[in-house]
Amino acid sequence: MAIILPGFIVTLLLGGILSWIVAKQSHLYARWISLLTLLANFIAIIIIWIQNMKSPASGSSWILNFSVAWIPSFGINFHMALDGLSLLLLSLTFFLGILSVLISWKEIQSRVGLYHFCLLWVLAGITGVFLTMDLFLFYFFWEVMLIPMFFLILIWGHENRRYAAFKFFIFTQASGLLMLLSILGLYFVHGGQTGIYSFDYFQLLGTALAPKIGMWLMLGFLVAFIVKLPAVPFHAWLPDAHSEAPTAGSLVLAALMLKTGAYGLLRFIVPLFRDAAMEIAPWAMAIGVLGILYGALLAFSQTNLKRLVAYTSVSHMGFIMLGVFSFNEVAAQGVVMQMMAHGISTGALFILAGMIYERIHTRDIREMGGFWMKMPFMGATALVFTMATWGLPGLGNFVAEFLTLVGVWQVAPMLTILAAIGLVAATAYSLRILQKVFYGSPVVSMELTDLSFRERIIMGALVISIIWLGLFPQPVLNTSIEAVNVMLHPNNKVEASVLPSLKTGDAFSLREKGGSDE
Amino acid sequence: MLFLSERKEVVMSREDLLNIVPLFILTSAAILILFSIAIKRNHKVIYVITALSLLADFIFLVTVDTPAKGIIEPLFIFDGFGKFNFGLILITALALTMLSYAYFEQREERKEEYYILLILATLGACTLVISKHFVSLFLGLEILSVSLYSMIAYLRKRKRSDEAGIKYLIMAAFSSAFMLFGMALIYYTTGSMEFGAIASYLAPFSKLPLLMIAGLGFLLIGIGFKLGVVPFHMWIADVYEGAPLPVTSFIATVSKGGIVILLVRFFLQINGHQYTSLVVIFSVVAIASMFIGNLLALQQQNIKRILAYSSISHMGYILVAFLAGGSLGIEAVAFYLVAYFITTVGAFGILTTLSDSQRDAELFDDVRGLFWRRPWTAAIFSAMLLSLAGVPLTAGFVGEFYIVAAGVQGNMWLLVIILVINSAIGLFYYIRIISIMSEKQEAIDRPEVTLKPSVYFISGITIAALVIALFWVGIFPDRLMTLIRFLIFS
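Chains C and U supply the protein sequences, listed in that same order. When we follow our numbering, the leftmost residue of the first sequence carries the number 1, and every step to the right adds one. When we follow our numbering, the leftmost residue of the second sequence carries the number 1, and every step to the right adds one.
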């Protein structure tokens, strides 16, 4: 059963290659193969989810675990494990993956094979990030997802795509390298203490770190994650990358790739570097609040629709910083919910922006207006998602933000108040989207067609999910609660079932001179 | 014969003979080619002889069972480290021979002598990696350099090729002179030219004697020139640009690799890590090489020059692993060399297949829109560039990981952080080339001159093998790591 975990990745990788090959025959084949690959993965993860809900794995937060030795000389295992958190994120990944193939159906007409190859490989990288329990492998996937994304922006992006692609790549790669340093630092510190040289997450969990070393190592990880997230001083790549990428690229970036940063904070920073993270928690939370307000402010002043939506992401991701560093269970559950809800709502807004661009070939909201009359269906869905963005009760984002604020209130009331002001700002920019784009008198005189059948399916699926998250959040919360508890309280000892059969760096026992790090 | 008089008599056993056979094979191959040219000039025959003798040499080295550590006093040492790099150099030379055929077939009317020079240069580099004495060091270095003078200027009709040859000649001669002076000073101080004897003379000193510092300094100037590290990097870009493509990749890989190995051996033997002055000098050189190489590469408009400057920074990376020392550091150097060789030969190999008979493909215009004209070529070139940038799935990534691991283990945080910063800077010019390749090109402005498609068949196979090696080492590096470790510890 556990073989399904690498199976997810392998099917995506193979599906990508196959799409590239068959695209020579017909573009349609490439699209269908990508769609079916993702559909198969989605069904598989949903089956696992349902099974898990029926009979939760008792006594362990880990549902599936898979491990084989990969590079034994360095103690690197191909170790993957699935818990509630990864399960949720994987469902989100495959769900939005399906949609990203669907929205590209008409938009992408050039080099279709390569496009689907890149798309599926990005998704494979993201899947790997959510599953892997070996830090080397984690870094590996962390980087693997960049290159296809870089090509997606570079080849199929809008006018300023080169600049955006370079900026995206360099920001994320540079921060990733700092994480690599920290991973190696942790590896050698742990190896020096215990004699077991391993990159395995569960091995490294209990590593005792001197405060100063712990702080530096933590900062290395933190930089990588908050660049991806992004938190405010490191957000510069995001508006460019989001607004220049093709629609599916923006969707994957906003809805999934940003979540890898959030996931990293929860999965690695909190349990591995608890003390150091607690020490900087006030600062991190302050950065989160700053992001909420600053992002909202910038979103309000944009004229480019995609840039506007991009800045709303900056604002929403502030809640994740806030929630994670409050070290509070309720807030952490809010963070998980926020990952899901933001993925869907912001993804939907990017899809809408893409659909509008397909029709009028501009992203400038000054050239839009009165679309409701011409495209009522699109208007209605846009209403749902702007409402979700400003956190209207009944929709997923409300649950997320409410839980986060409730949780943070117990730790930092002042920051909670400031963050709540961000919600008001969110209302302002969300209403501005509606007002400028859909209400008012029509600016363009051209004939606009409302959503096609394919587009209605896409938007319909998104609307249903966001309402489901808003009205019945309990299944999602139930799924992640145990995983979140384990991460917040790492002192509970690690279950023996997930520890890999120890293949540690036998190399180091051979060395006479090695191990000079005391 | 002063230096030989330390030993009463030199007796050569059967094992010693077996050890030295790989050198004989190379020497006799050169002579065989010489005779063969005298009988009849035939490019194909000469090429086959060259390729076969390199292959035979490699097979001999790998299969024939020789004792783990053989020493031929006082010149050579045949340990695992030496043999590994010997083999690496041979296989690289073989790949370059394969790529050279198509390249020279279409260019020069007298192409046969090139292979003699290639074999001799390989011989020189191989001598370097097994030498443990200044005399064998200098002999190897000179065989290598003298062959390179003519190889660089081999395409006589091209102006820049001549210029590059002369430049290299002057620089290399200068650096050899420095090196000789350094050796003389060291000999004066220690009374020996053998690494081990120098080491045992130095062992009691906690600080280096002044003359020794001067001697080592001069020696390092010579080595620095050959490696092309800052501040001895001036010749690199011009020579890379002017030399024929296969020769450029020879300089980048075999020539530099041989010197790196020699440096590692010498430094380890005299236990250089304990002398602060040496470590400081090398750290400064490494940092300067990384920064200056990368920053200059950013400003280039010519792919050969970009690769030239990037090679400066890569030498800086290797120096980080070298400085980290310990067994992990040596492994990292060996591993990185393998990755770097595969990548560099591959990248230059792609350029070779793109070149026409008049000039080498080296401008951005030559690769503009390559993704849409020749998607496979462009994809492979991108893979090679990404490997140079150290992106996962490729050999370059594991190499970089190895170096960083060695640096972190050796607590060289400053160097490692600078390496990381430079890795990010370097990324920019690599992906710039990739983005130029992906630019849309409406009309093909010049006719595609594919000269003789059939000759490119061999180049194609070679490059395919390199690509497989690139990904194989990148995804399943364990075999190579174990091999390196086994050979170093044996």
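Don't read these hints as lab results, they were simulated from the structure. Hints may be right or wrong, so weigh each one.
Quick list of in silico lysine-lysine cross-link-like pairs, BS3-like style, CA-CA up to 27 Å [what the hints assert, rightly or not]:
{"id": "1", "chain 1": "C", "residue 1": "K54", "chain 2": "C", "residue 2": "K106"}
{"id": "2", "chain 1": "U", "residue 1": "K111", "chain 2": "U", "residue 2": "K207"}
{"id": "3", "chain 1": "C", "residue 1": "K167", "chain 2": "U", "residue 2": "K440"}
{"id": "4", "chain 1": "U", "residue 1": "K159", "chain 2": "C", "residue 2": "K24"}
{"id": "5", "chain 1": "U", "residue 1": "K157", "chain 2": "U", "residue 2": "K167"}
{"id": "6", "chain 1": "U", "residue 1": "K207", "chain 2": "U", "residue 2": "K44"}
{"id": "7", "chain 1": "U", "residue 1": "K157", "chain 2": "C", "residue 2": "K106"}
{"id": "8", "chain 1": "U", "residue 1": "K69", "chain 2": "U", "residue 2": "K111"}
{"id": "9", "chain 1": "U", "residue 1": "K157", "chain 2": "U", "residue 2": "K111"}
Quick list of the computed label-pair ranges, beta carbon to beta carbon [as the list claims (entries may be wrong)]:
{"id": "10", "chain 1": "U", "residue 1": "F364", "chain 2": "C", "residue 2": "L297", "range": "53 to 61 Å"}
{"id": "11", "chain 1": "C", "residue 1": "L36", "chain 2": "U", "residue 2": "A68", "range": "28 to 36 Å"}
{"id": "12", "chain 1": "C", "residue 1": "G195", "chain 2": "U", "residue 2": "S200", "range": "33 to 41 Å"}
{"id": "13", "chain 1": "C", "residue 1": "K212", "chain 2": "U", "residue 2": "T27", "range": "37 to 45 Å"}
{"id": "14", "chain 1": "C", "residue 1": "G195", "chain 2": "U", "residue 2": "V45", "range": "53 to 61 Å"}
{"id": "15", "chain 1": "U", "residue 1": "A177", "chain 2": "C", "residue 2": "D275", "range": "30 to 38 Å"}
{"id": "16", "chain 1": "U", "residue 1": "A177", "chain 2": "C", "residue 2": "P211", "range": "49 to 57 Å"}
{"id": "17", "chain 1": "C", "residue 1": "E447", "chain 2": "U", "residue 2": "V455", "range": "56 to 64 Å"}
{"id": "18", "chain 1": "C", "residue 1": "P376", "chain 2": "U", "residue 2": "K440", "range": "31 to 39 Å"}
{"id": "19", "chain 1": "U", "residue 1": "F471", "chain 2": "C", "residue 2": "S452", "range": "22 to 30 Å"}
{"id": "20", "chain 1": "U", "residue 1": "S200", "chain 2": "C", "residue 2": "G192", "range": "31 to 39 Å"}
Computed far set for chain U versus chain C, every beta-carbon distance over 12 Å [unchecked claim]:
{"id": "21", "residue": "D238"}
{"id": "22", "residue": "V404"}
{"id": "23", "residue": "A406"}
{"id": "24", "residue": "R479"}
For every residue, glycine included, the Cβ atom is placed at its ideal position computed from N, Cα and C.
The hints, checked one at a time:
{"no.": "1", "hint": "C:K54 x C:K106", "verdict": "violated, 40 Å"}
{"no.": "2", "hint": "U:K111 x U:K207", "verdict": "violated, 52 Å"}
{"no.": "3", "hint": "C:K167 x U:K440", "verdict": "holds, 21 Å"}
{"no.": "4", "hint": "U:K159 x C:K24", "verdict": "violated, 45 Å"}
{"no.": "5", "hint": "U:K157 x U:K167", "verdict": "holds, 17 Å"}
{"no.": "6", "hint": "U:K207 x U:K44", "verdict": "violated, 57 Å"}
{"no.": "7", "hint": "U:K157 x C:K106", "verdict": "violated, 54 Å"}
{"no.": "8", "hint": "U:K69 x U:K111", "verdict": "violated, 39 Å"}
{"no.": "9", "hint": "U:K157 x U:K111", "verdict": "holds, 13 Å"}
{"no.": "10", "hint": "U:F364 x C:L297: 53 to 61 Å", "verdict": "violated, 41 Å"}
{"no.": "11", "hint": "C:L36 x U:A68: 28 to 36 Å", "verdict": "violated, 56 Å"}
{"no.": "12", "hint": "C:G195 x U:S200: 33 to 41 Å", "verdict": "holds, 34 Å"}
{"no.": "13", "hint": "C:K212 x U:T27: 37 to 45 Å", "verdict": "violated, 58 Å"}
{"no.": "14", "hint": "C:G195 x U:V45: 53 to 61 Å", "verdict": "holds, 59 Å"}
{"no.": "15", "hint": "U:A177 x C:D275: 30 to 38 Å", "verdict": "violated, 59 Å"}
{"no.": "16", "hint": "U:A177 x C:P211: 49 to 57 Å", "verdict": "holds, 55 Å"}
{"no.": "17", "hint": "C:E447 x U:V455: 56 to 64 Å", "verdict": "holds, 59 Å"}
{"no.": "18", "hint": "C:P376 x U:K440: 31 to 39 Å", "verdict": "holds, 38 Å"}
{"no.": "19", "hint": "U:F471 x C:S452: 22 to 30 Å", "verdict": "violated, 41 Å"}
{"no.": "20", "hint": "U:S200 x C:G192: 31 to 39 Å", "verdict": "holds, 33 Å"}
{"no.": "21", "hint": "D238", "verdict": "holds, 29 Å"}
{"no.": "22", "hint": "V404", "verdict": "violated, 6 Å"}
{"no.": "23", "hint": "A406", "verdict": "violated, 10 Å"}
{"no.": "24", "hint": "R479", "verdict": "violated, 10 Å"}
In summary, the structure is inconsistent with hints 1, 2, 4, 6, 7, 8, 10, 11, 13, 15, 19, 22, 23, 24 from the numbered list given earlier, while agreeing with the others.
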